[in-house]
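Q: Sequence:
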Amino acid sequence: MKKIYAYLLLMLPIAWACSEKDNMDPVGNWEISNPALTAPAANTTVTLDENAPDALTRFEWQPAITSNQFIVQYSLVLVPAGSTDYDHPILAVTPANAGKDTWVAPTAAQIDYALWAACYPAGAEVKLQSVVIAKAIEKKTVDTRDITFKRFATEYVPTTLFLTGDASEAGSDVTKAIPFRALEDADGNPTGVFELYTHLNKGATFFFRDQADAHSRKMGGADGKLTCGTEITATDTAEYQITVDVKNNTYALMKIDRWSLVGDAVEGGWGGDVPLAYVGNSVWEKEVTFYQPYDGAGFILRANGDWGYLLKRIKGTATANNKGGKLIMESEGNATGVEFEDIPGTTGLHKVTVSLTAAGYTYTLTKIEVIVETIIGKTTNMTADAVSGNFPIISTAVPTELYLLEDGQSILTFTKNGNIFESKTFVALQASKTYTLNSKADGSGTVYDGDDDGIITVDHDQAYQIAVDFDEKQLNWKHYNMKLFHWDENGGGWDQRQELVMTYTHPYIYDVTGDLTAGYASKFNSPWDVQFGTASMALSGTMDNGGPNYFGIASTGTYKAHIVVSDDYTTADYSFVKQ
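The sequence shown begins at -17 in the working numbering and counts up one residue at a time.
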């Protein structure tokens, strides 16, 4: 009996092992039945009511059964009638309870959005299949029913927009799509217009989506007409302003050759153009030297040298240090009633950062500490009309008098205006000389300079206007470049005028040789502060700043034009000598 009992004990693990093996049959040795849709009834038509966006359409089904009692999970998808592509549905809904419930109830708004994203127009009756998919491990079974949905009568208008595609900076990963900025009207309501500053790569494609999601609507088109499901091919590698109007179904691309700083706070003044560099992700940057030739000197941002595309600062958005704030396009500010202003300047070298992202348009100026170069006339834009610059002055006290010495000899007595010492005229300086600022005419007083050696040098011969500002602790300088303007006034040729750049020679002399035409108008200009002209027809004489156009060229030919300007640029002695 003990032997039999022992034998039975020995056999129990074997029997148990055989039972466990049956329950763990290979995955293919079991079955799963089809679920069975029960609602809505086959061929039902559901009219989606935009006045009841939360109304539910309930889909129900009988459960699928597995032969080994495996857990079954479900999903309900809507696909075009006749389609068997259940992996890319128009709409997919997962039941509650981790997908184990046997019903789902999407809202009218959810279904209508899915149909809109699939490019069906408002009011359309769309024939679909509702498909319930049952899944246990890797096995799937389905049941389908035909159903028709009638879309909302009013077209859906997205409130967000994104850029994606291989041509974009973010590539084709839709989850990394770049958001647009939504424009608003004067009352803060959405306009349906979106704007983005970005980079595109030539030959690749891009498109728009209303969400950074693969189930959102894909929009593109051609010739500025926005259509659903179409891609756009980038025609050039460049930065662009992209504008999309989802209400009127249009889009526009404007190439941004440059964003530039323009104004008296930067080199070249209002006639200059200091471009920034695109660094990616809707941001432009550059290190820029700022000047303060007078109180309140500022600047603006201009696109492509076009005065119709200006960014200015929104009033009341300045940062605590007044070196940052929010920006708005001047045209947008005028249209929406947002008050704006020129951007206040500063002094010295700063990194300018202009961010034109969907989060808002902003700028910041970040001070860069540099080694001081006390050089009058040093500039990166020698050909600007009015060239200006500055450098810091180390000062401990404001003098009562200030003199400019050339090789130890006083050549200029500054005029004191508060704590600013100014040259009322333009003083002719030479690159071959050395200069110092001193509180005594004989050089025995206090030396003022931006570094330790007390020496100021001149980059190039010119007639300079100088101001030493002890409040701002800097020396400001300015000089004019002169041009001979020559044009056919009677023939309306102003836009085709010659602009002959003149060469400066010490002191106060400008010359140029060029071809001139009889009967044409002429003026010696540094637009637009200096405009020498005269009513005289003589080939030599005196011109006044602001005088009339000169018509003294009676014979066509090559001439050497020569002027000697007064130290305040009010008059100029001139001559034209035919070569």
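It is possible that some hints are incorrect.
[Claimed, not checked] DSS-like, lysine-lysine: derived pairs with alpha carbons at most 30 Å apart: (1) LYS121 to LYS109; (2) LYS200 to LYS333; (3) LYS132 to LYS158; (4) LYS117 to LYS207; (5) LYS308 to LYS268; (6) LYS109 to LYS122; (7) LYS297 to LYS132; (8) LYS207 to LYS229; (9) LYS122 to LYS82; (10) LYS109 to LYS158; (11) LYS132 to LYS109; (12) LYS158 to LYS268; (13) LYS360 to LYS349; (14) LYS305 to LYS333; (15) LYS132 to LYS237; (16) LYS560 to LYS542; (17) LYS158 to LYS207; (18) LYS297 to LYS360; (19) LYS455 to LYS305; (20) LYS333 to LYS349; (21) LYS360 to LYS415; (22) LYS268 to LYS229.
Derived by calculation from the structure, the hints in this document are not laboratory data.
Q: Now look at each hint and say whether the structure bears it out.
A: Each hint, compared with the structure:
no.	hint	verdict
1	LYS121 to LYS109	holds, 28 Å
2	LYS200 to LYS333	violated, 39 Å
3	LYS132 to LYS158	violated, 33 Å
4	LYS117 to LYS207	violated, 43 Å
5	LYS308 to LYS268	holds, 18 Å
6	LYS109 to LYS122	holds, 24 Å
7	LYS297 to LYS132	violated, 49 Å
8	LYS207 to LYS229	holds, 12 Å
9	LYS122 to LYS82	holds, 14 Å
10	LYS109 to LYS158	violated, 33 Å
11	LYS132 to LYS109	holds, 9 Å
12	LYS158 to LYS268	holds, 27 Å
13	LYS360 to LYS349	holds, 20 Å
14	LYS305 to LYS333	holds, 11 Å
15	LYS132 to LYS237	violated, 41 Å
16	LYS560 to LYS542	holds, 6 Å
17	LYS158 to LYS207	holds, 25 Å
18	LYS297 to LYS360	violated, 34 Å
19	LYS455 to LYS305	holds, 19 Å
20	LYS333 to LYS349	holds, 6 Å
21	LYS360 to LYS415	holds, 15 Å
22	LYS268 to LYS229	violated, 37 Å
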